[in-house]
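Listed below, chain by chain, are the residues.
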Amino acid sequence: MTLSILVPLLVSVITAATPLLLAALGELVVERAGVLNLGLEGMMLVGAICAFATMSLTGNPVLGMLAGAGAGAAMAGLFGVLVLTLASNQVATGLALTLFGIGLSALIGTGFVGHPIPVLPKLAVPGLSGLPVVGPLLFSHDALVYFSIAATAGVGWFLKHSRAGLILRGVGEADSSAHSIGHDVIRIRYCAVLFGGAMAGLGGAYLSLAYTPMWVEGMTAGRGWIALALVVFAAWRPWRALAGAYLFGGVAVLQLYLQGSGLVVVPTQVLAMLPYIATILVLTLISSGSMRSRLSAPACLGKPFRPVG
Amino acid sequence: MSVLIPRRQFLAGGAAAAAGAALGGTARAAAPLGVGFVYVGPVGDFGFSYQHDVARKAMEAALGAAVKTTFVEKVAEGPDAERVIRQLASGGNGLIYTTSFGFMNPAERVAHQFPKVKFEQCTGYKTLPNMAEYNERFYEGRVICGAIAGHVSKAGVAGYVASIPIPEVVMGIDAFTLAAQKVNPNFKTKVIWINSWFDPGKEADAAKSLIDQGADILCQHTDSPAVMQTAEERGVLAFGQASNMQKFGPKAQLTSIMDNWTPYYIERTKQVIDGTWKTGSVWLGLKDGVVEMAPYGPGVTDAAREAADKVKSGLIAGTLNAFTGPIKDQKGAVKVAADATIPDEQLQKLDWYVEGVQA
Chain H
1 MTLSILVPLL VSVITAATPL LLAALGELVV ERAGVLNLGL EGMMLVGAIC
51 AFATMSLTGN PVLGMLAGAG AGAAMAGLFG VLVLTLASNQ VATGLALTLF
101 GIGLSALIGT GFVGHPIPVL PKLAVPGLSG LPVVGPLLFS HDALVYFSIA
151 ATAGVGWFLK HSRAGLILRG VGEADSSAHS IGHDVIRIRY CAVLFGGAMA
201 GLGGAYLSLA YTPMWVEGMT AGRGWIALAL VVFAAWRPWR ALAGAYLFGG
251 VAVLQLYLQG SGLVVVPTQV LAMLPYIATI LVLTLISSGS MRSRLSAPAC
301 LGKPFRPVG
Chain R
1 MSVLIPRRQF LAGGAAAAAG AALGGTARAA APLGVGFVYV GPVGDFGFSY
51 QHDVARKAME AALGAAVKTT FVEKVAEGPD AERVIRQLAS GGNGLIYTTS
101 FGFMNPAERV AHQFPKVKFE QCTGYKTLPN MAEYNERFYE GRVICGAIAG
151 HVSKAGVAGY VASIPIPEVV MGIDAFTLAA QKVNPNFKTK VIWINSWFDP
201 GKEADAAKSL IDQGADILCQ HTDSPAVMQT AEERGVLAFG QASNMQKFGP
251 KAQLTSIMDN WTPYYIERTK QVIDGTWKTG SVWLGLKDGV VEMAPYGPGV
301 TDAAREAADK VKSGLIAGTL NAFTGPIKDQ KGAVKVAADA TIPDEQLQKL
351 DWYVEGVQA
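In the order they appear, the protein sequences are chains H and R.
Residue numbers for the first sequence follow this note's numbering, so the first one is 1 and each next one is one higher.
Residue numbers for the second sequence follow this note's numbering, so the first one is 1 and each next one is one higher.
Hints listed in this document are in silico derivations from the structure and should not be mistaken for laboratory results.
In this text the structure is predicted, and so the values were computed from the model without any measurement.
Please note: incorrect hints may appear among the correct ones.
As the list claims (entries may be wrong) - Result set (DSS-like, lysine-lysine): computed pairs, CA atoms no more than 30 angstroms apart in a straight line:
1. 126(R) - 287(R)
2. 122(H) - 247(R)
3. 122(H) - 251(R)
4. 247(R) - 310(R)
5. 182(R) - 312(R)
6. 303(H) - 122(H)
As the list claims (entries may be wrong) - What the simulated footprint calls covered on chain R by chain H, stretch by stretch (three residues with Cβ under 8 angstroms from a Cβ of chain H suffice, anywhere in the stretch; the number is not a length):
7. 221-227
8. 267-280
Backbone N, C-alpha and C define an ideal beta-carbon position, used for all residues, glycine too.
For reference, chain H alone in the conformation it holds in the complex (with noise of 0.2 angstroms):
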């Protein structure tokens, strides 16, 4: 494989591997504080139509930004409400959130269906963005590509170096314990879904700004539930979500490349399949045996916390 392909096909697996990352970021916050929100693909979607639709209509990208952000929190909020101060079940309440997301990113839609806006601007650096390879790979790239990245070094630094990452992690593995020293387990939660909220909008956001600039109906096609994948995948660490999210990105991409350059003889749809077999080895690989304790789960993901006392 010649240079000349290799350049845009890595060019390519960053644009696929953003979105992913970005929502993936942002649920491993809300699970790592022991909330299971499996509303992603529904926060996208509404994120993904706000963004666009106030794109479309103020032609103001960092709006656009901002709204998809603002939807997918709002969303969040719902989500919170219901299984945080509700206490219902995170499961049901999750795909209930997927669910109603789908139609409401629709209804919201309706108008915008075939609209042409402009591509999200790629943010060049002088002098740094004309040099062969490294140029296109590393510095032409738009806003949310770079906040992607910064995003995985600050998450990854709040959780392990700061305090108050320290007390989320504490409030995913033994929330009554948390409860007992006296913090407020059910505000750090609400922050936590709001911020995961806030990231699968951007993930969204990403795809009707960034990477097809276009609303339709159910425009995530699934992405959600691979960012979900991903979380577990990455044994809920923010570098390997960021590994797991190109790697993720990369199989996908290189199936297209490999069924273009006539190389294969393997069926597509096996191709097709590769990706989802690289998760089950995965898990299959990091549930077993020795590896298993290291990286098991937070401890109440998916429990619902009643302050008592």
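Please arrange chain R on chain H, whose structure you already have, making use of the hints.
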């Protein structure tokens, strides 16, 4: 959720049709014919169902007070469909168009129970004395695209973003490639299957990888404008699908294949009103005005325009057949002898690629 509103409209429409029928007792000739439409997608999909609804409105406008139409959108193929079709049949409609392959069996069952109601099934193979079948020769549009591609492509390589490997899609790939090879014998078509009708992200990724691998013209047999948009962004040319995608590729779009059901709907509805309607099975194309091409884009050269117009008139006059031999398959074996053609029954089961297709 979203089914609720159309159903309400539908019930209201049914009541109006019934009221119309009751009033018609005094002036029989003036009673409008109730015509029902069942769509598989939302009318706002800007694709298949949208085009059927455009035709419904046009038919209503053309026939005026003689008809009263009702539609039900987003109907799932299966038991739901049978319920909807039966409701339409018992609600006073004299003619019902069911517009997806999966509605064939439900429509057949209802047709047995309502012998006086006429049914029109879009795509399928079953007919009854009161149920006709109609389909579109989508591939004829691909022939025109191929003629243009042969002239316009400098690389002689087209990229084809394909959905699901069924005969209809394979037929399009073969027809396109054969037509392009008539202009440029070395023409190649690279195909990428995304195994979905609809995934804008994946459609865009497939388009990018085809461009990176040397294609300077893109074709799509998927539903979103993502391929057109990618072509515009990367400065290559492309053909649209199902509707006019010019807004997404003002420079990129060469032309687009569009479905136009209006002439068929007007003709068949009129026949029911006149009492001359007969069952049958038709496969309509350019000649019937059902396959239409969007206006040529700026990328179409004079030579390409001339070739495309010639192909179009040949297909309409019947002097040109898209699948005239000799046709070789990918391995170089002759599948269709010189001057022979592929009969329709075999075409509808087509499962092999012609020479020059890379898939």
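key: Ascending list of hint numbers which this structure does not respect   = 6, 8
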